[in-house]
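Number of protein chains: 2
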Amino acid sequence: MVRVKVPDVVVRRLVNYLRILKEKEASPEDYISSAELAALAGVNAAQVRKDLALFGEFGKQGVGYPVLMLKQELVEILGAGEPVSVSIFGVGELGTALARYLTTRHRFDKDYPFHVKALFDVNPKKIGTTVGGVKVSLVTEVSELVKAHDVKVGIITVPPEAAQEVCDVAVRAGIQAFLNFAPVKLKVPEGILVKYQDVTSDLQELTFFLRQRMER
Amino acid sequence: MVRVKVPDVVVRRLVNYLRILKEKEASPEDYISSAELAALAGVNAAQVRKDLALFGEFGKQGVGYPVLMLKQELVEILGAGEPVSVSIFGVGELGTALARYLTTRHRFDKDYPFHVKALFDVNPKKIGTTVGGVKVSLVTEVSELVKAHDVKVGIITVPPEAAQEVCDVAVRAGIQAFLNFAPVKLKVPEGILVKYQDVTSDLQELTFFLRQRMER
Chain A
889 MVRVKVPDVV VRRLVNYLRI LKEKEASPED YISSAELAAL AGVNAAQVRK
939 DLALFGEFGK QGVGYPVLML KQELVEILGA GEPVSVSIFG VGELGTALAR
989 YLTTRHRFDK DYPFHVKALF DVNPKKIGTT VGGVKVSLVT EVSELVKAHD
1039 VKVGIITVPP EAAQEVCDVA VRAGIQAFLN FAPVKLKVPE GILVKYQDVT
1089 SDLQELTFFL RQRMER
Chain B
889 MVRVKVPDVV VRRLVNYLRI LKEKEASPED YISSAELAAL AGVNAAQVRK
939 DLALFGEFGK QGVGYPVLML KQELVEILGA GEPVSVSIFG VGELGTALAR
989 YLTTRHRFDK DYPFHVKALF DVNPKKIGTT VGGVKVSLVT EVSELVKAHD
1039 VKVGIITVPP EAAQEVCDVA VRAGIQAFLN FAPVKLKVPE GILVKYQDVT
1089 SDLQELTFFL RQRMER
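Quick mapping for you: the protein sequence lines, in order, are chains A and B. Its first residue numbered 889, the first sequence is counted upward by one per residue in this note's numbering. Its first residue numbered 889, the second sequence is counted upward by one per residue in this note's numbering.
This is chain A alone, in the form it adopts within the complex (with noise of 0.2 angstroms):
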């Protein structure tokens, strides 16, 4: 495979297309045209093609890609099928919820990549409870577990108030990328990936559309 700087906006879209391939349920002789997987993916059939032809020609002029050669393709550019450990803080509802969801996905697909190795909190009544068949532990041993598993990802689902600290902890013990649902900018050191999942721009974007379509 080809290597080349992906730019941040086309991983996006990347993920995506993996993500409607992964949906299709698709046997070898399957192809799926530039227009399709565009009208999925919410974007046009020329960007599909500009995407996909960084990484080579497994395109079919007049026939489009062969569904699961893409899928594969997009797992290997990704690096999608390599396992990665997570972590999750905060196991109050969403970190409980994101947990279940998780590890049930790892239970029921054995290449669901990315798998929950600890969870952590405070609340000393949830110490030593399990979610999802995994164990939540206090905050201090935050340096050893994510040693032991070799974490790099971490999930931050406290409080808005704690999440600069817990945060602050994680990167410490070694954590190098957050997946962060507090709704708070959080400082890390150069080098250090965070991702913001935020509801309420998620809301915004979908009301925004919204309007502009009952405006037509």
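Check the hints yourself; a few may be wrong.
Stated by the list, open to error - Heads up, simulated DSS-like pairs for lysine-lysine below, C-alpha to C-alpha not over 27 angstroms straight-line:
hint, chain 1, residue 1, chain 2, residue 2
1, A, K998, B, K1073
2, A, K938, B, K1083
3, A, K1073, B, K948
4, A, K1073, B, K938
5, B, K912, A, K1083
6, B, K998, B, K948
7, B, K959, A, K1075
8, B, K1013, A, K1014
9, B, K910, A, K1075
10, A, K1014, B, K1014
11, B, K1014, A, K1013
The set of hints was computed from the structure by calculation and includes no laboratory data. Quick caveat: nothing in here was measured; it's all calculated off a predicted structure.
Position chain B against the provided structure of chain A, taking the given hints into account.
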């Protein structure tokens, strides 16, 4: 304000700029440079200037944008100040977490535009209980409640196997846009909007960038 058709990707960035500005405490004299806003948004400065120039010239050469004015402009462009009635389908852990989050935001910020008006579930034990002050109702009451509260946006947090049916019921009741947390593609009539919220895609994106960074 000039009315322009705003491309989808620009809307996503505008929503992101607004989120960043809302997190900044600013007085009427404070400016933010396109470089600073760009760094916080994870794009480049030229992109910020281009996006904002779509709506007029409200930056100042060499100084930047007045924070409060820019925030207000973005609120107007996005229609982010107008209240929107929301309902949540599925009062499991995720639905409960979202209901609590949205109702709390609204309680502490009267300008917070998303108002949870109804919660729906099928579990008889949950019917009649409240989350964040909002009553849980049976899915059979969707039509009545959606009309009564003029609900336009539905958040789907039911298990994947129930998502399509719930979506169909909600569309018939008049809901026009969905934020879908169930990991399935929804079939909706032309004109109905669906935004997918998928933690797997987020984690995939994050780990892709993490690997790319580690290889350098």
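Q: Take a quick look at whether K1013 of chain B and K1014 of chain A sit within 27 angstroms of each other, Cα to Cα.
A: holds, 24 angstroms
Q. Has the given pair, K1073 of chain A with K938 of chain B, been kept, meaning a C-alpha gap of at most 27 angstroms?
A. Roughly 24 angstroms separates the two Cα atoms, so the pair holds.
Q) Can the restraint linking K998 of chain B and K948 of chain B be considered satisfied, given a maximum Cα separation of 27 angstroms? A) Measuring from Cα to Cα gives roughly 32 angstroms; hence the hint is violated.
Q | Agreement of K1014 of chain A and K1014 of chain B with the hint, judged by alpha carbon distance not exceeding 27 angstroms | A | holds, 23 angstroms
Q) Is K912 of chain B close enough to K1083 of chain A, meaning Cα to Cα at most 27 angstroms? A) The given pair, whose Cα atoms are some 18 angstroms apart, holds under the 27 angstroms limit.
Q. Taken at face value, is the distance from the CA of K948 of chain B to the CA of K1073 of chain A at most 27 angstroms?
A. Holds, because 26 angstroms separates the two Cα atoms, which is no more than 27 angstroms.
Q: Would you check the hint for K938 of chain A and K1083 of chain B, treating anything up to 27 angstroms between C-alpha atoms as holding?
A: OK: K938 of chain A and K1083 of chain B at ~24 angstroms, within 27 angstroms.
**Q.** Straight-line alpha-carbon gap K1014 of chain B to K1013 of chain A, limit 27 angstroms
**A.** holds, 24 angstroms
Q) K959 of chain B and K1075 of chain A: Cα distance at most 27 angstroms? A) Holds: K959 of chain B and K1075 of chain A sit about 22 angstroms apart, inside 27 angstroms.
**Q.** K910 of chain B paired with K1075 of chain A [C-alpha distance capped at 27 angstroms]
**A.** Measuring from Cα to Cα gives roughly 16 angstroms; hence the hint holds.
Q: Assess, step by step, whether the Cα of K998 of chain A is no farther than 27 angstroms from the Cα of K1073 of chain B, and give holds or violated.
A: At roughly 21 angstroms apart (the allowed maximum being 27 angstroms), K1073 of chain B and K998 of chain A satisfy the hint.
Violation of the numbered hints given earlier is confined to hint 6; every other hint is satisfied by the structure.
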